[in-house]
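Enquirer: Listed here are the chains, written in short residue letters.
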Amino acid sequence: MVQMEKQNHEESEQTNLLDYEKIVASKEFQQMLSGKKKFVISFTIFFMGYSLLLPFLVFYTDILDHTFIGDITWAWVYGVSITVMSVWVCSMYVRKSEKIDKQIQEIIEKEGL
Amino acid sequence: MNWTVVILFALMSIGTLFITYYASKKTKTAGSFYTAGGGLTARQNGLALAGDFMSASTFLGLIGAFSLTGYDGFFLMYGALVSFLVVLFLVAEPLRNLGKYTLADMVTTRFKYKQVRGVTAFNTLVISVMYMLGQLVAAGALFKLLLDIPYNTSVIIVGIAMLVFVLFGGMTATSWVQIIKAILLIGGVFILFMIVMWKMNFNFIGIFTDMKTATPMGADYLKAGIKYASGWDAASLSLGLILGTAGLPHILIRFLTVPNAQVARKSVVWVMWIMGAFHIMVIFLGFGAAKLVGTSNIMAANPAGNMAAPLLAKLVGGDILFAFIAAVSFATILAVVAGIVLTGATAFSHDFYNEILKDGKATERQQMTMARWASVGVTALSIVLSLGLQEFNVAFLASIAFTLAASSNLPVILLTIYWKNFNKTGAIVGMMTGLFGTLILVALSPNVWNPVPGATIITGDPIFPLNSPGIVSIPLGFLACYLGALFGNRQTNVKAITNDNFNEILVKSNTGHDVKGVVRH
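So the protein lines, in turn, are chains R and S. By our numbering, the letter at position 78 of the first sequence is numbered 78, and the numbering carries on one by one without gaps. Here our numbering runs 1000 ahead of the position in the second sequence, where the first position is 1.
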């Protein structure tokens, strides 16, 4: 079975070598790619920035030292909010990916992959 | 000797043996040994990922860190969740779409050279063994404290127990052990959390006021700076943790156990919710330990705070809860170590033996035999090395593995998927520089050099000032990839061919129309 899989794989590589150029150059693929890129890059900058900002804010400023409720300071709220932020960003990704999945499905059907 | 602990440990071992027995019936081919045939569901893989990632240092270490260092516990903790965002956004789906059994499979989809495969597999082995050393040293220390078993014996017991179910059950048994461990860990932490908060009248706001007077640190307990001297120190540690996960082979290989990118994505959602809940409870368990057990009692049992959770369990729940938490710690270590051994063994038998030595023509039987011998070899090597490392700090060993992963694997993974001009030379140079650069920096760091005689291996001033080399070695890894690629492109004139291949990678990694290594049932 493994050998057959390999053979198929080699065949598809030979016949599709040019097709990949065509698919990548197609309008649909480029559209999908640029949408994905925009989303991934902007969100990656956001979550990296959000989380790496914390140590600098708590060590070098006192804006998070003010109290939120009782003796809980904003520094603790920020710390816990990274957990909430991560779960939120994750759900945004899932939602965006579902849209991209549809675009990809169209490309797959059109190109007969 | 605490007999409740012994009985629970025995029950747990019998349970894993049953899992192994059933899994061994399903483990007939090399593919099922390496990746459980690629047939796991999102929930199964999500739980297994959480079980694979949350090691003894996550469970015991974080509760200890919050109890002893208050706010500074965050810097050890929050990187973990963010690191799974890095995995989700940049690595998980392309890896599932391009890979088959190993990380090297993914990289060699683009660069079809044996040298690239060899270097990637070697890298996987070094990082895996490094990570495992930290776990085995932790296991030895834990057993010594919990059961009074000598360090050397404990390490050997854990090694052999884990080897049994890897040998016979392969990835199926390992996955199930990780799934059950994740459920036990979350369950155990939840029970402990409810009891501790009940003792505190579920007053989530008042506990902060209490903490101002509960420890010798006073009000400083609630502020940053007890453990870390500066923001750069804390940020460097966090950066290493955030980027490390996306390069750890035993975590990445879990994405090859699912059938497609959609399931890979959904399994990360599971990890997020599980670890998010865990992290919130850990903060309050740290508070509870500091307030109820007391800083001096925690430090007396273990200066690093690793015994905070078991001691808290004993205080609020007596011997039974103590035994349960101890058994959960045991399961935690077993599950993580098994995942790592399996990763190392797969890299050896699939990459070195089958693909490089046998040109991919080894029979299923030969591969299975080789994978099993490799498991024995990796375990034996790790046991022997960890016997000599008893005096090393566990968190330090684990952090080297993370930094190695972020410096040598991550740059190559990202550039292979996303950079058109990346090439074979860049991949090899980048991985080797990241690997040896990190090891050399560690060898020159304060971990090895100390002016006080006897404090570390060598007496003298450290040549490199930072404990964690990540902030230097991670950029170094990326730079080496870039320079290597420039050099390689200038030297050969294969640019046109690599470019063609990149389009293929682009289509495959985005559409997943060519997913390999999945057995259709």
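Hints were generated in silico from the structure; no laboratory data involved. Any given hint could turn out to be false.
What the hints assert, rightly or not - Result set (DSBU-like, lysine-lysine): computed pairs, CA atoms no more than 30 Å apart in a straight line:
{"id": "1", "chain 1": "R", "residue 1": "Lys36", "chain 2": "S", "residue 2": "Lys1516"}
{"id": "2", "chain 1": "S", "residue 1": "Lys1314", "chain 2": "S", "residue 2": "Lys1199"}
{"id": "3", "chain 1": "S", "residue 1": "Lys1516", "chain 2": "R", "residue 2": "Lys37"}
{"id": "4", "chain 1": "S", "residue 1": "Lys1266", "chain 2": "S", "residue 2": "Lys1114"}
{"id": "5", "chain 1": "R", "residue 1": "Lys102", "chain 2": "S", "residue 2": "Lys1516"}
{"id": "6", "chain 1": "S", "residue 1": "Lys1100", "chain 2": "R", "residue 2": "Lys102"}
Enquirer: Each hint should be assessed against the structure and marked as holding or not.
Expert: Hints, one by one, checked against the model:
1. For the proposed pair R/Lys36 and S/Lys1516, the alpha carbon gap of about 24 Å is at most 30 Å, so the pair holds.
2. With a C-alpha separation of about 14 Å, the suggested pairing of S/Lys1314 with S/Lys1199 holds against the 30 Å cut-off.
3. Pair hint S/Lys1516 plus R/Lys37 holds up; C-alpha atoms about 25 Å apart against a cutoff of 30 Å.
4. Taking the CA atoms of S/Lys1266 and S/Lys1114, the gap is near 33 Å; set against the 30 Å cutoff, the hint is violated.
5. Annotation: proposed proximity of R/Lys102 to S/Lys1516 holds, straight-line Cα distance about 22 Å (limit 30 Å).
6. About 25 Å separates the Cα atoms of S/Lys1100 and R/Lys102, which keeps this hinted pair within 30 Å; it holds.
In this structure, the one hint that does not hold is number 4.
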